[in-house]
Amino acid sequence: MQVRLTINGQPHELDVAPHRSLADVLRTDLAMTGTKVACGEGTCGTCTVLLDGRAVLSCLTLASACDGAELATVEGSTPLLERLRAAFTAHDGFQCGFCTPGQLMSAVALLERTPQPSRAEIRTAMAGNLCRCGAYEGIEQAVAAAAEAG
Amino acid sequence: MTAKLVKTEAVVEGRTEVRWTLVEEDDTPEFEDGDATRPIGEPTPRITARARTTGSARFTVDIALPGLLEAAVLRSPHANARVTSLDLDAARAVPGVRCVLGPGEGPEHDDSPLSDTPAFAGAAIAAVAADSADAADAAIAALAPEYEVLGFVSTLDEAFEKQDFLVDPTEHERGDPDAALAAAEVTVEATYTAPAQLHNSLEPHAAVADWREDGLTLWSSTQAIYDARAAVAEAFGLDPERVRIICEFMGGGFGSKFGVGPQGILAAELSRRTQRPVRLVNSRREENVAAGFRTPAKMEYTIGASKDGRLQAVEASAVMGMGTGGWAFPVLEPVKSVYACPNLRLMVAPVRQNLGPSVAFRAPGVMEGTFGFEQALDELAEKIGIDPLELRRLNHSESDPEDGKPYTSKRLLECYDRAAELAGWEDRDALRGEGRIRRGMGAAGQYWWGGGGPPAYAEVRVGKAARPAVTVGLQDLGTGTMTACAVIASERLGIPVDSITVYAGDTSRMGHGPFSGGSMTLASIAPAVRSAAHHVRTEILGLASEMFEIAASDLTLEDGEVRSVDGTLREPIAEVTGKLGNAWISGSGSRGPNPAGMNVNTFGCQIAQVAVDTGTGAVTVERVVAVHDIGRVVNPMGARSQVMGGILQGLGFALMEERVVDPTTGTVVNAGLEDYKVPTIADLPEVICEFVGEPDPHLKLGLKGLGEPPVIPTPGAIGNALAHALGVRLREAPYTPRRVLEALGA
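Respectively, the protein sequence lines represent chains U and B.
Heads up, the first sequence is in my numbering, so the first residue is 5 and it goes up one at a time.
Heads up, the second sequence is in my numbering, so the first residue is 210 and it goes up one at a time.
Chain B with its partners taken away, still in its complex shape (with noise of 0.2 Å):
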């Protein structure tokens, strides 16, 4: 096969990345309309569910090696400190103590993850490896840090008070806003608060390092194990090659477990030091304070448009709250390239807090950016007098607003109409009701990326038993990635999915895969598995076609049958590839570019309906319509699936999840899940959910991501709900049963 390096762009989560990549030629035939495509389009039972419902799923944290050593790491109580002293000899001596790591101990070529000035409630100091995990914990105790407290800064108008910003804050213009403002005929200001969510992955980060004189082997659970093999390679100076990362199955990770992290630095360092495997895994507690959270933001907007409601300008300010790490997601991208809008000033500020890092939370930034943009929206519709949904049609933009690039396909007009029809959105003045209980119903639209890209390669080998292995370079965080490669090799192959086995989750197994988020893993990956079984499938009807005498151009695969076209022929697979003996057929491949000069999006919009008990606060999210565009699906079980859980999340988002952080000593006081509250079996809403249309027509295969667009849109839609039952509309999310009644004047 021959291959040649192209320069592709791929944009994740609004970062555009320009990629150098190998990509092999490619026949396979797209499908034309009319085509059978099965069992792509077909509900798919998970292929991991028996491991997965008896116990015998081996995530990171089961990893247990001969001779396994147990970490724990000492974290500051404080928010901003200073330790002015620790016992490390103490540690050490604790029976069954191997190592201790005290601060600025760490791999050779990187900062350590260990700091004697601990600048949030959570910051490691230091870090043990003993024969158990009680002995760990011993040791822990037996370091008897002590502290200088010193001053610190939690909430977000301090922070922005302080102009001591985390990143350099950005300032984006497009026409003259100013005089539009000046101009408009209606003005709507309005400013919105977002909570800190916090992941709460069940499985926490977790490392099994085993660090060997011929390389070290790295269990993590990671959404990107080449990321996290690169990130150890570079800090301890190893040659990638002799790192491997193992992610077999993964228990979440929502955007907060890119790379190895430093669990995984300090497992590696742990082990490097002893020679004994090392498993470090983060307490629920610790999750809390040190792995990450969406920002909370404060988000502006002050919104122009002509008294027919067609947006003039806008002028937005997010200040965001970072904490001590992250990137400045994108949070005023809704407000830049939803809606046609001619003038902007976008304005963001991600300030430092003495607070964990803040990291990637499903669709960070656009979420919480269409939560206060898509409300600020309803209040200028209400102002108006026009309906929600007619604004949003009266401001589409068939191109990108931005940079003026076409789509390669928009079908957010259908799924304003699909989801209105569904939800009965005509008549949701009629579900309001004047006694204690009132309900209201409330839109909201999307948008994101998620067209996927290389490099991203697969294999797919086939023996004599005809049960084929495919084989890609990613890991399956739980969102279906690996049943969905079998869908896919499936179609080509002609063989059943319950017969394909999906090799994932380590390094060493196969060349470069996407890593899990981005809502591009899929797209990504299915045009190159897809190629890989088309190979073997060409070879397999190459043989069949000298075994049966049958041109292979009259030679079919299907149902695990080798079949004639005229139907005289029908003959088990397995019949071929038995004349294989020990041998096998095996095939590659790549994923080619998307088109340059188009802008791959999802859309979508959802509608929520609530119900609000005037008396208790207390708001119940009885219904959502979920209608999205992202081409075409692969496994509508799975789709379907990714839905409820965007759902999930967001209405977490908009009722009940929140960090607390205490102002006079800057701690989180919810860490636990006792106290953070997110969503029950209790909180199910009714969902209907459909995708619009038709495969993608620019795309390979036609694919687009599911992973962020259902959460997008969530609690924006919700919040609306929640301001037309009750004519009164809360800035504040979560809204808790106190913040509605207090809305209420109650």
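Chain U on its own, in the form it takes in the complex (with noise of 0.2 Å):
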């Protein structure tokens, strides 16, 4: 199938076979890798992805599925992620980063609808975001002091 799609700003035409998932797609036709699979079936939120702003998990969506969509994954560059990127590194809001690509995404999608989050609306939105290493208190922070840094 053609999908259009457009990543960080980029345009993208592909030829996807329809039962292929998003993460499949980003990771082996465009080698975007930034995004991770560490379950595959929508139990972790590594793979979480922005489409059309929404925090969505990429391995269960279907590429075929996006055609027209504006898709944000880790390799972008906005002024927001560049703020998260400095705040989960000053405040070590990780260890393997593993997790980090989805921690990051679903911070975006939550300080842009909700700009400045209470601490129990950070707790809420990133809690479908496993960390295995245990990094929550720097996550925690780190997304707070994104916020007040906006």
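Rather than coming from a laboratory, the hints here were simulated on the basis of the structure.
Glycine included, each C-beta is placed from N, C-alpha and C at the ideal position.
Where hints are given, some of them may not hold.
Stated by the list, open to error - With the C-beta cut set under 10 Å, the calculated list includes, among others, these residues of chain B facing chain U:
(1) Leu-231
(2) Thr-257
(3) Ala-258
(4) Ala-350
(5) Asn-409
(6) Glu-412
(7) Phe-463
(8) Val-490
(9) Thr-511
(10) Met-807
(11) Ser-850
(12) Gly-855
(13) Leu-860
Stated by the list, open to error - Derived DEER-like restraints, expressed as beta-carbon distance ranges:
(14) U:Gly-154 x B:Glu-611: 55 to 63 Å
(15) B:Thr-747 x U:Ala-153: 55 to 63 Å
(16) U:Arg-58 x B:Pro-304: 36 to 44 Å
(17) B:Arg-947 x U:Arg-117: 32 to 40 Å
(18) U:Gln-6 x B:Pro-705: 24 to 32 Å
(19) B:Asp-298 x U:Gln-6: 32 to 40 Å
(20) U:Arg-58 x B:Thr-710: 46 to 54 Å
(21) B:Pro-781 x U:Arg-58: 46 to 54 Å
(22) B:Glu-382 x U:Leu-64: 52 to 60 Å
(23) U:Asp-56 x B:Glu-623: 52 to 60 Å
(24) U:Arg-58 x B:Thr-747: 54 to 62 Å
(25) B:Asp-298 x U:His-16: 35 to 43 Å
(26) B:Ser-265 x U:Ala-153: 49 to 57 Å
Unchecked claim - Not everything, but these chain U residues come out facing chain B in the computed CB check (under 7 Å):
(27) Thr-65
(28) Ser-68
(29) Gly-72
(30) Ala-73
(31) Glu-79
(32) Thr-82
(33) Arg-89
(34) Phe-92
(35) Gly-101
(36) Phe-102
(37) Arg-127
(38) Met-130
(39) Gly-138
(40) Glu-141
Using the hints, put the two chains back together into the complex; each one sits in its own frame.
In structure tokens:
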């Protein structure tokens, strides 16, 4: 199937089989391996990307259903994403970094919707993104700091 | 630089290893009291942060080479079976399939990871490599296996009853435990049950193999690039120098990724046969049935003490559920080595079950053993009627209670005192409350190794731009070792951390370095890095001395500048190194042995505060105070993150994590993350973390490890807090709402 996507502001035209996930197409066809897959069944949040501004699990999203969509991934560069990167760095919001792309995209979705979230709102919005290294304290502080800096 | 062979002993997760190692002469000065050490001891963000936050960090699962084949594995759905039919030809006929390996096929010099008598649900039977993941999956389906289903054993009790031991049971005695127990004024008997905890590193076990005429390159998500190299070289009869292991970035391991694993062996064999690069990545469910677990254990303690609380004797036994692999993790070590107790009998029975192989999981044995014993001690304190921390102080041992050797340092008493102060321990009874929500506070101590040792080698190079490169033969599984190496080098070179690059995770770059485990990595490599950086410093100062005609002893390197001690000269270091043209200065360093005749251990105390909803049974960990004795802290930011991670994994073990096996089929019913619960950001407690004290006076740089210590006391402290809150003790983890309500008789 022909699929037209705008990814981080760049237009792409792809020919993809209808059953393939967005995560697979990003990683395999476009070599955009920043988006990670840790469970492949929608339970860990690692593969989170933004589809028309909403956080979605790219492992459960069919690429073929995204025709015409605007996609944002961790490879992008926006002022908000840069702010979050700096805050995750300053607050040690990761250890191994495997979950970080998904954490960052969930945080972007939260702060675009709710620019000044409470700590409880941060926890609710980020609760679907697992971090097995246990960097949650840094993640929470980083999201709060990025909101404040905005 | 002259080098000599030395014999050293290192304790690796409780096992003593004797090693011969080549050590270079080292004239690097140790820190004296009052010396500036910066940036050592200052919070430093990770040098890998940019790569990790932009998606440019390459993990093994991301490696794609031209002509890459995707591999998949057929796994048994049965806990014990014999494969009676397998259609290998049908799999080979699937379009796009390049190779199919059947049972028994594999490397020439090692057992095949594939078997037609799978002994657990998830055991590998066949493997395929194909042009795409879809084609590989289709080939797996085409294999159409048929099985004769056999009987199986899955529970600890059944396995023990059958007396089927994976590793020989052991017995250890000190003194005369029978007489001492008979004479004891107070005795406590308690049985604790620890669950099988699943690692769930977010990056699955993965390998990408590229077998070529001139050698094998294997990207491996491994905690030990050199052990991986040795294993592959041996399995395939290759010269280790022709095997290159690469692990650039790694998505966690927590003990489950030592060596190369079956995925590395299978990827290499498939690549050898197809002459194409092959990638093999476990699915999450494969991870949780076949890639290891923390051994579940049933631990029975009989403690005898005097009525004032002095331990007289402990008899302890543990049945450990090994599944089909693993070693006898030191589950009764906390009984043997933490407290002064003259009489002991310890028995460990590691049983075989039709479950995947157990593997090390962050403080293997010791965490679950601490969970049991530190709670049994609280039961004793309660029976005698003394403060649980006072009981621990009373039984403190200044030297190792087993072999009598002195410790290089032991500040456990300070840990108790400081943790109690920070937690408000004295007022803990006022927390409890009468209503639906009850609160409690509980403490537990920790004991671990983590002194590190040789072999560990490092190289530091500086070229004209004065942007040093540190090369180390290790891998960073996410703990921050590379950043710590940059910090160590920065102190000697006077060049800021953000101007330093650290190369790691590649056996072709550097000599042998430590594995990432046992809390030994940084304590092993840091002295080697510092020594290498010191050699470079000496050369830069020598050059500067000639350039500026000032004695080298009157010059220093600081903030990227060469400075004279009288303050008259301040020039960028790049002014000096700029004269190098295309040459560079390099220095190497190696890790010397730890002092003989002394034991190196870390110690600590954690105090947890919990709130229990007696209506729902839900337990919330509100706060954890963690005070550890780990010697010098290189990077307080990274150290705090290690503590947070250990606490969260311990919290998961205490409250929610448990592999559940269906007793009627022997299969794991919660292999996915929807059903196997790990802590989320919503479970994050407030954490107060401090490190007591001083650099260890007997160790290079004064460093001890921190990877394991924070996980060890967490579940025991939570259990003690829960008992304090409820006045009822729960002896089987995890403390789920169902178990809490049952304990309350609801």
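Going through the hints against the structure:
1. Leu-231: violated, 32 Å
2. Thr-257: Hint on Thr-257 of chain B: holds, closest Cβ of chain U at ~7 Å, below 10 Å.
3. Ala-258: holds, 4 Å
4. Ala-350: It is violated, given that the least Cβ distance between Ala-350 of chain B and chain U is near 15 Å, above 10 Å.
5. Asn-409: Holds, because the Cβ-Cβ distance from Asn-409 of chain B to chain U comes to roughly 5 Å (cut-off 10 Å).
6. Glu-412: Holds - the Cβ of Glu-412 of chain B comes within 10 Å of chain U, reaching about 5 Å at its closest.
7. Phe-463: Since chain U brings a Cβ to about 7 Å from Phe-463 of chain B, closer than 10 Å, the hint holds.
8. Val-490: Constraint on Val-490 of chain B satisfied, holds at 9 Å.
9. Thr-511: violated, 35 Å
10. Met-807: Violated - the Cβ of Met-807 of chain B stays beyond 10 Å from chain U, reaching only about 32 Å at its closest.
11. Ser-850: Cβ of Ser-850 of chain B sits 5 Å from chain U, so the hint holds.
12. Gly-855: holds, 7 Å
13. Leu-860: holds, 9 Å
14. U:Gly-154 x B:Glu-611: 55 to 63 Å: 57 Å Cβ-Cβ, so the 55 to 63 Å window holds.
15. B:Thr-747 x U:Ala-153: 55 to 63 Å: Check failed, 43 Å falls outside 55 to 63 Å.
16. U:Arg-58 x B:Pro-304: 36 to 44 Å: Holds, since Arg-58 of chain U and Pro-304 of chain B (Cβ atoms, about 37 Å apart) stay within the stated range.
17. B:Arg-947 x U:Arg-117: 32 to 40 Å: holds, 36 Å
18. U:Gln-6 x B:Pro-705: 24 to 32 Å: violated, 51 Å
19. B:Asp-298 x U:Gln-6: 32 to 40 Å: holds, 37 Å
20. U:Arg-58 x B:Thr-710: 46 to 54 Å: About 38 Å separates the Cβ atoms of Arg-58 of chain U and Thr-710 of chain B, which means 46 to 54 Å is violated.
21. B:Pro-781 x U:Arg-58: 46 to 54 Å: The hinted range 46 to 54 Å holds for Pro-781 of chain B and Arg-58 of chain U, with Cβ atoms some 50 Å apart.
22. B:Glu-382 x U:Leu-64: 52 to 60 Å: The hinted range 52 to 60 Å holds for Glu-382 of chain B and Leu-64 of chain U, with Cβ atoms some 57 Å apart.
23. U:Asp-56 x B:Glu-623: 52 to 60 Å: holds, 56 Å
24. U:Arg-58 x B:Thr-747: 54 to 62 Å: holds, 58 Å
25. B:Asp-298 x U:His-16: 35 to 43 Å: About 40 Å separates the Cβ atoms of Asp-298 of chain B and His-16 of chain U, which means 35 to 43 Å holds.
26. B:Ser-265 x U:Ala-153: 49 to 57 Å: violated, 23 Å
27. Thr-65: violated, 17 Å
28. Ser-68: violated, 14 Å
29. Gly-72: violated, 24 Å
30. Ala-73: violated, 19 Å
31. Glu-79: Status holds, d = 5 Å.
32. Thr-82: violated, 12 Å
33. Arg-89: holds, 4 Å
34. Phe-92: Hint on Phe-92 of chain U: holds, closest Cβ of chain B at ~6 Å, below 7 Å.
35. Gly-101: Since the shortest Cβ distance to chain B is 3 Å, the answer is holds.
36. Phe-102: Holds: closest Cβ of chain B sits about 3 Å from Phe-102 of chain U, inside 7 Å.
37. Arg-127: At about 5 Å, which falls below the 7 Å cut-off, the nearest Cβ of chain B leaves the hint on Arg-127 of chain U intact, so it holds.
38. Met-130: Constraint on Met-130 of chain U satisfied, holds at 5 Å.
39. Gly-138: This interface hint holds because 3 Å falls under the 7 Å limit.
40. Glu-141: Holds, about 5 Å.
In this structure, the hints that do not hold are numbers 1, 4, 9, 10, 15, 18, 20, 26, 27, 28, 29, 30 and 32, in rising order.
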